[in-house]
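Sequence order for the protein chains is F and D.
Residue numbering for the first sequence follows numbering that gives the first Met the number 0, beginning at 0 and increasing consecutively.
Residue numbering for the second sequence follows numbering that gives the first Met the number 0, beginning at 0 and increasing consecutively.
Some clues are possibly wrong.
It does not matter which identical chain is used: a pair holds within one copy or between any two.
To be verified - Below, a list of computed lysine to any residue pairs in the SDA-like style, where the Cα atoms sit at most 20 Å apart:
#1 K108 / P70
#2 K394 / V369
#3 K108 / V253
#4 K394 / S260
#5 K89 / Q45
#6 K394 / E262
#7 K204 / N112
#8 K160 / R16
#9 K394 / P155
#10 K115 / L56
#11 K160 / I17
#12 K115 / R147
Don't read these hints as lab results, they were simulated from the structure.
There are 2 protein chains.
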Amino acid sequence: MNAEIIAVGSELLTPYRIDTNSLYLTEQLNQLGAEVIFKSVVGDNQRRLVAAAQHALHRSDIVIFSGGLGPTEDDLTREAVAEALGLGLKRDPDILKRLEERFAARGWKMASNNAKQADVLEGATVLPNANGTAPGQWLSGKFDGRERIVVLLPGPPHELKALFEAEVRQQLQAKVPPAFLATRVLKVAMLGESQVDARVAPIYKRYTDVDTTILAGAGEIQLHFKTCAPTQEAAQQRVDEVAGAVEDELDDAVFSGAGESLEQIVGYWLQMRNATLAVAESCTGGLLSERITSVSGSSRYFLGGAVVYSNELKTELAGVPAEMIERHGAVSREVAAALAEGIRYRCESTLGAGITGVAGPNGGTAEKPVGLVFHAVASDSGTEVIQRNFPGDRKRIRQLATTMALDMVRRKLM
Amino acid sequence: MNAEIIAVGSELLTPYRIDTNSLYLTEQLNQLGAEVIFKSVVGDNQRRLVAAAQHALHRSDIVIFSGGLGPTEDDLTREAVAEALGLGLKRDPDILKRLEERFAARGWKMASNNAKQADVLEGATVLPNANGTAPGQWLSGKFDGRERIVVLLPGPPHELKALFEAEVRQQLQAKVPPAFLATRVLKVAMLGESQVDARVAPIYKRYTDVDTTILAGAGEIQLHFKTCAPTQEAAQQRVDEVAGAVEDELDDAVFSGAGESLEQIVGYWLQMRNATLAVAESCTGGLLSERITSVSGSSRYFLGGAVVYSNELKTELAGVPAEMIERHGAVSREVAAALAEGIRYRCESTLGAGITGVAGPNGGTAEKPVGLVFHAVASDSGTEVIQRNFPGDRKRIRQLATTMALDMVRRKLM
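Chain F extracted, bound-state conformation (with noise of 0.2 Å):
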């Protein structure tokens, strides 16, 4: 079955805002094995509103509307909606209570603009929304001699979800086909995307029945495999079977084959070697921390560790001799490895990892130009040392630069 998804609000027409509910409404319709076949967003306007749920309702088997619901005068998904399938609106005495209940909970008088809130298509489904006031609306059966569903939820991404898997998922399962989809991702660090296109091509293509999509982020490369099948099993294995292909191609590059993140997969690593580990970062500061850190419980593995953006506290938070800084210049492969060893040392910790470069866009010269980083994982065997010129602007490099430091501990662990 096709679907499509109609983001309303004249905010998601400016500059500063974007429709993302579009994105999990995406995620559980293929989950369901609805196909979205197109998206838009309209602003706040009857007319335009109006044409869009028709040309909506002309070529997709479910209509999906999210925002508009709301008590204000530019709140229209309703009006809208009845307008184009012809349906009146009735106002709901039960609706209309509870919102009035809700404000007098309150100590408020409810103004009468909330009234509307309270109006319903004919023949729609009320859809409590246990996080909002402006309750959703499900709506199925012939329009235009078509079969089809028509839904409104509420805009704010935290009452659409929860009310999409309250009351809509079930309700979609019933009248979609039963499809079984299975997916498979795996994540690769620090290849590039024609780099690992032209040795998965090859296998991947062989799989007709699966949809292959590559995504390319900065230092990292996600493989999504995704197939319908008769039987969940089959699913399963035709995805296991192209993903499995190809991690033997990549290797020990992909970091991840269930979905888990970078930094979680160095937490999982850390833990099983009873490990831990502490950073000094100079041109990166505090990214990687704040990357280790985003994992709830890596205080278990992570002890801490130094930002150093100046000279004078690579030497006095991680031990890096002044005069080697003197010598070889704060960015250099032996600042990197004394970084790494130093915090590791101050630390006591069972890894250490420095990275000192240049993250620009100021700052380069000939000889160091911008995006030049040295990154250094220092352990009880030694210490390694990785020099890469990263391209693009400071956010990327110090992007780059942190997926590398952790792609060097993950390795460092395996």
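Model the placement of chain D on the given structure of chain F, informed by the hints.
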């Protein structure tokens, strides 16, 4: 004039990718005085693309397509727009030659599918793409009796932006009736959205000719003001007037009046006061340092700091007495103050900032629940500590805590 944006590509209909080009294009179009009334995402499907193009041409003066201009079978924007407009496509020998040269320069022979990137709509102007192989196209004229502008742009954001700036903006400016648009942004830290709106709505509602949008993020509220007027000066005066009145009301809660980030503002103040900063953070795990150093040039005022996840490191790197941690717990007013004072002393900085708290989702107790954070700023005039109980998940709590600490530093310097 009305504009709409169509993003082309099946990958934009997956749960993993979102169209962000439209934010940039909207900003550009708004600046030129055109309003975006519709955005949509269509997959790589000729029939659906043709229908989408027809709907768009029917309702909007300017239709901008992004993506679908590459060499693969899935790249169908040229073909679909030609069909929707009833125009032919002609292979342009100059573009073809440049494509072949581009491949030859890399020592490759051009695969035949690349030739389709040289196909140009009848009557269209070719827009050279300095950063990729697929050129853009510009077409203006009467379609179905209506004056229309159709622009085809490549999908990769850096190609699209460079091409828009070099080739499209001026041409659009000549076509769009001059609109004198002025905008202002005020940013506010650590106040709630409803709190801000309650105070400023009575002000901005008086300016019915100014469009006011309030955007709320974690710990930051942005107030966007926008208006058009017969002259640039008149427009600017109107937004400055409402922004000024709102700023008077919110007073020093407004940290930025010209779009700067809180991190930048803290940097400005530190430089203005000829002051330096060092930080010691526990539950925020490096995020405070990361935010400060995300600003290029921050090495002028940020010395560095310590990420003291373990209690031992709170003592070792930031000089917090072990017995203080023992007595009051790591998450306490006393330890926050000691972190700020200790790191200031250790780094010999003008100001020291300290954060300790419970970021969750685990580790909370009845006495010290998830979200409890102590923030401290130490200077030669003493140490200030602020306690907060933040709502939300780990990511949000960490964001709020670092915003609070940055805002404390700002207020200390004001």
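Comparing the hints with the structure gives:
Only within a single protomer do K108 and P70 lie at most 20 Å apart by alpha-carbon distance; the minimum there is 14 Å, versus 62 Å between protomers. Taking the shortest alpha-carbon separations for K394 and V369, only the intra-copy value of 12 Å comes in at or below 20 Å, while the best inter-copy value is 30 Å. Neither within a single protomer nor between protomers do K108 and V253 lie at most 20 Å apart by alpha-carbon distance, with minima of 59 Å and 32 Å respectively. Taking the closest pair of Cα atoms, K394 and S260 come within 20 Å of each other both inside a single copy (19 Å) and across two copies (15 Å).
Taking CA atoms no more than 20 Å apart as the test, K89 paired with Q45 passes inside one copy only; the shortest distance there is 18 Å, against 41 Å between copies. In this homomeric assembly, K394 and E262 come within 20 Å of each other (Cα to Cα) both inside a single copy, at 18 Å, and across copies, at 14 Å. Proximity of K204 and N112 under a CA criterion of 20 Å is satisfied inter-copy only: 18 Å between copies versus 57 Å inside one chain copy. In this assembly of identical chains, K160 and R16 lie within 20 Å of each other by CA distance both inside one copy and across copies; the values are 18 Å within and 19 Å between.
Taking CA atoms no more than 20 Å apart as the test, K394 paired with P155 passes between copies only; the shortest distance there is 18 Å, against 29 Å inside one copy. In this homomeric assembly, K115 and L56 never come within 20 Å of each other (Cα to Cα): the closest approach is 24 Å inside a single copy and 34 Å across copies. In the homo-oligomer, the alpha carbons of K160 and I17 lie at most 20 Å apart both inside one protomer (17 Å) and across protomers (18 Å), since each shortest distance falls under that limit. With identical chains, the CA atoms of K115 and R147 are never at most 20 Å apart, being 25 Å at best within one copy and 38 Å at best between copies.
The structure fails to meet hints 3, 10, 12 from the earlier list, while all remaining hints are met.
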